[in-house]
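Colleague: Each chain, letter by letter, is given below.
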Amino acid sequence: MHTFETLLLGFLGIVIVNNLVFTKFLGICPYLGVSGRIDMAFGMGCAVTFVVTLAGTLTWLIDHLVLMPYGLDVLRYVCFILVIAGAVQLVEMYVRKFFPVLYDSFGIFLPLITTNCAILGMCLFINLWGIDNLPEAVVLSIGAGLGFTLAICMMAGIRENLELADVPPVLRGAPITLITAGLLTLAFMGFAGMIR
Amino acid sequence: MIAATGMQVIGLSALLLAGLGVVFAAVLLAASIKLKVATDPKVEQIHAVLPKVDCGACGFAGCASYAKAVAADASLIGRCSPGGAATSAKIAAVLNLQISEGSAPKRPIVHCRAVREDKTFYAAYRGIEGCTSANAQPNVQACAFGCLGFGDCVQRCRFDALHIVNGLAVVDYDKCTGCGACVAGCPRGLIEMVPFTHEPMLTVACSSRENGKTTRSMCAVGCIGCGLCARQSDLFAVKDNLARMDYARYQPSEATETARQKCPTKVIVFRGKGAPADEKVSKTPAAAGAAS
Ligand code: SF4
Ligand code: SF4
Chain A
1 MHTFETLLLG FLGIVIVNNL VFTKFLGICP YLGVSGRIDM AFGMGCAVTF
51 VVTLAGTLTW LIDHLVLMPY GLDVLRYVCF ILVIAGAVQL VEMYVRKFFP
101 VLYDSFGIFL PLITTNCAIL GMCLFINLWG IDNLPEAVVL SIGAGLGFTL
151 AICMMAGIRE NLELADVPPV LRGAPITLIT AGLLTLAFMG FAGMIR
Chain B
1 MIAATGMQVI GLSALLLAGL GVVFAAVLLA ASIKLKVATD PKVEQIHAVL
51 PKVDCGACGF AGCASYAKAV AADASLIGRC SPGGAATSAK IAAVLNLQIS
101 EGSAPKRPIV HCRAVREDKT FYAAYRGIEG CTSANAQPNV QACAFGCLGF
151 GDCVQRCRFD ALHIVNGLAV VDYDKCTGCG ACVAGCPRGL IEMVPFTHEP
201 MLTVACSSRE NGKTTRSMCA VGCIGCGLCA RQSDLFAVKD NLARMDYARY
251 QPSEATETAR QKCPTKVIVF RGKGAPADEK VSKTPAAAGA AS
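Same order as they appear, the protein sequences are chains A and B.
Counting in the numbering used here, the first sequence runs from 1 upward without gaps.
Counting in the numbering used here, the second sequence runs from 1 upward without gaps.
If we strip away everything but chain A, and leave its shape as in the complex, we get (with noise of 0.2 Å):
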């Protein structure tokens, strides 16, 4: 019981209180990137958490079995990128096969998934947060990457209709994105703090 109220209240708590995009700022360029349409941003969505979840996963093994023992932790860095550019392959190969119009429209979003810095540093805090069992490494990372999923398709329901208001010529395009992108930030504030 108690772990399972750990592990709820982790992953409420990455989703929405330490959601990565709105508090830590991370994973902003795709955050603004692909957020023009809802479908779009929503396949975005599932591939980050695919490669988050899996790195996340990976990474906490191979941190606790191999590098920690043996005291490797100078590779820590190295071998996550390794993971997480492994897995966004897969994911490339997979969209490309199943959903080659999604895989068009992502054009080079797809590959800047291995730079996406939402899915490093979620690795990286699992070990900062002195996460020490598996369970809730796995259930952070796929949390982190919900909230992700959340975060970008906020942002893309409301530039959908952004499209259709009537904004001020001089906040076309990028400022009005930025700002908006700011409001939700703020709103998001309001949270702060509740979980841990």
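Don't take every hint at face value.
Here are the computed distance ranges between Cβ atoms for each label pair [as the list claims (entries may be wrong)]: (1) B:Pro-195 to A:Thr-23: 53 to 59 Å; (2) A:Leu-164 to B:Gln-137: 39 to 45 Å; (3) B:Lys-90 to A:Val-101: 42 to 48 Å.
The list that follows gives simulated cross-link-like pairs (lysine-lysine, DSS-like), each with its CA atoms no further than 25 Å apart [said to hold, decoys possible]: (4) B:Lys-262 to B:Lys-213; (5) B:Lys-106 to B:Lys-90; (6) B:Lys-175 to B:Lys-52; (7) B:Lys-106 to B:Lys-273; (8) B:Lys-68 to A:Lys-97; (9) B:Lys-68 to B:Lys-42; (10) B:Lys-36 to B:Lys-52; (11) A:Lys-97 to B:Lys-34; (12) B:Lys-175 to B:Lys-106; (13) B:Lys-42 to A:Lys-97; (14) B:Lys-52 to B:Lys-42; (15) B:Lys-36 to A:Lys-97.
Just so you know, these hints were derived from the structure itself, not from any lab.
All C-beta atoms, glycine included, are put in the ideal place defined by N, C-alpha and C.
Since the structure of chain A is already known, use the hints to place chain B with the ligands on it.
Modeller: Frame of chain A, contents of chain B with the ligands only:
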């Protein structure tokens, strides 16, 4: 924790990275076989004949996207400027099409030929090193149409084909692929992509629209709009005190040669592969003498 030091750590690290690499490679290999996408062999063939410099001059994200687009829509043939007519012909061959003789490859021409000694400066520019910022100031150099020589265009060129030689941008036509990236770099619009119907190509290397007297007072080698060239050959036309040539119709002839020689400021020069070496960068005493 097992105490590992020095060589041991290095050895372990190497081992671990190699191991991880092998494992991931194996997984990815398996995945790539399982998830193989059957691509149109035509696209691959087209991609194979493209220059693969991914410069984007064709308007697509890179050679791969262009190959895909052109396979679907043959009317897009001929967008690849680095490849030029030869590549278009190869693409057409892949697609089983006949194409009419392609137009000449476009190459950049810098419409200025004044090196540092030829120009007049009122004061030394000490601002940010860059043509765009220098151009924002009035009177950086007397001629508002001349090459600033800070090399904003040089930065755009991914093929090391542009260099600043003694304060003037000079194209190395052996390296130039004709991608056209440099054009956007020049805040004064001195670089123009011109169809090279001949190699080398006769060009008017000046952009000054000041009247002859003013141009002469500022630059030793500027076009003074005297119209001598236009009187020799109808390829030349003088407008706004500046001679221009119709590059598409250029045909070397006696008339153009006379025009080149008669030009009082020697602003009509050859550019391109095989251009006379002393013409590449102006140092001719004749030009300097003309200004006196
Ligand atoms: S213009 Fe040619 S070389 Fe440049 S990206 Fe397009 S296909 Fe590739
Ligand atoms: S000089 Fe460089 S940038 Fe300009 S067209 Fe040639 S290759 Fe392209």
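Colleague: Taking the beta carbons of Lys-90 of chain B and Val-101 of chain A, is their distance inside 42 to 48 Å?
Modeller: Violated, since Lys-90 of chain B and Val-101 of chain A (Cβ atoms, about 30 Å apart) do not stay within the stated range.
Colleague: Sort out whether Lys-42 of chain B lies within 25 Å of Lys-52 of chain B, counting only the CA atoms.
Modeller: Distance of about 16 Å is within 25 Å: holds.
Colleague: Regarding Leu-164 of chain A and Gln-137 of chain B, is the given constraint of 39 to 45 Å on their beta-carbon distance met?
Modeller: Since the Cβ atoms of Leu-164 of chain A and Gln-137 of chain B sit about 44 Å apart, the hinted range of 39 to 45 Å holds.
Colleague: Hey, Lys-175 of chain B versus Lys-52 of chain B, does the alpha-carbon distance stay inside 25 Å?
Modeller: 15 Å, holds
Colleague: CB of Pro-195 of chain B to CB of Thr-23 of chain A, is that within 53 to 59 Å?
Modeller: The hinted range 53 to 59 Å holds for Pro-195 of chain B and Thr-23 of chain A, with Cβ atoms some 57 Å apart.
Colleague: Tell me if the straight-line CA distance from Lys-106 of chain B to Lys-273 of chain B falls inside 25 Å.
Modeller: 13 Å, holds
Colleague: Would you mind confirming whether the straight-line C-alpha gap from Lys-68 of chain B to Lys-97 of chain A stays at or under 25 Å?
Modeller: 16 Å, holds
Colleague: Under the criterion that the straight-line Cα-Cα distance not exceed 25 Å, is the pair Lys-106 of chain B, Lys-90 of chain B satisfied?
Modeller: Holds: Lys-106 of chain B and Lys-90 of chain B sit about 18 Å apart, inside 25 Å.
Colleague: Take a quick look at whether Lys-97 of chain A and Lys-34 of chain B sit within 25 Å of each other, Cα to Cα.
Modeller: The hint holds at about 10 Å.
Colleague: Decide if the proposed pair is consistent with the structure: Lys-42 of chain B and Lys-97 of chain A, CA atoms, cutoff 25 Å inclusive.
Modeller: Holds, at about 19 Å.
Colleague: Does the structure keep Lys-36 of chain B and Lys-97 of chain A at a Cα separation of 25 Å or less?
Modeller: At roughly 7 Å apart (the allowed maximum being 25 Å), Lys-97 of chain A and Lys-36 of chain B satisfy the hint.
Colleague: Within a Cα-Cα threshold of 25 Å, do Lys-175 of chain B and Lys-106 of chain B meet the stated pairing?
Modeller: 14 Å, holds
In this structure, the one hint that does not hold is number 3.
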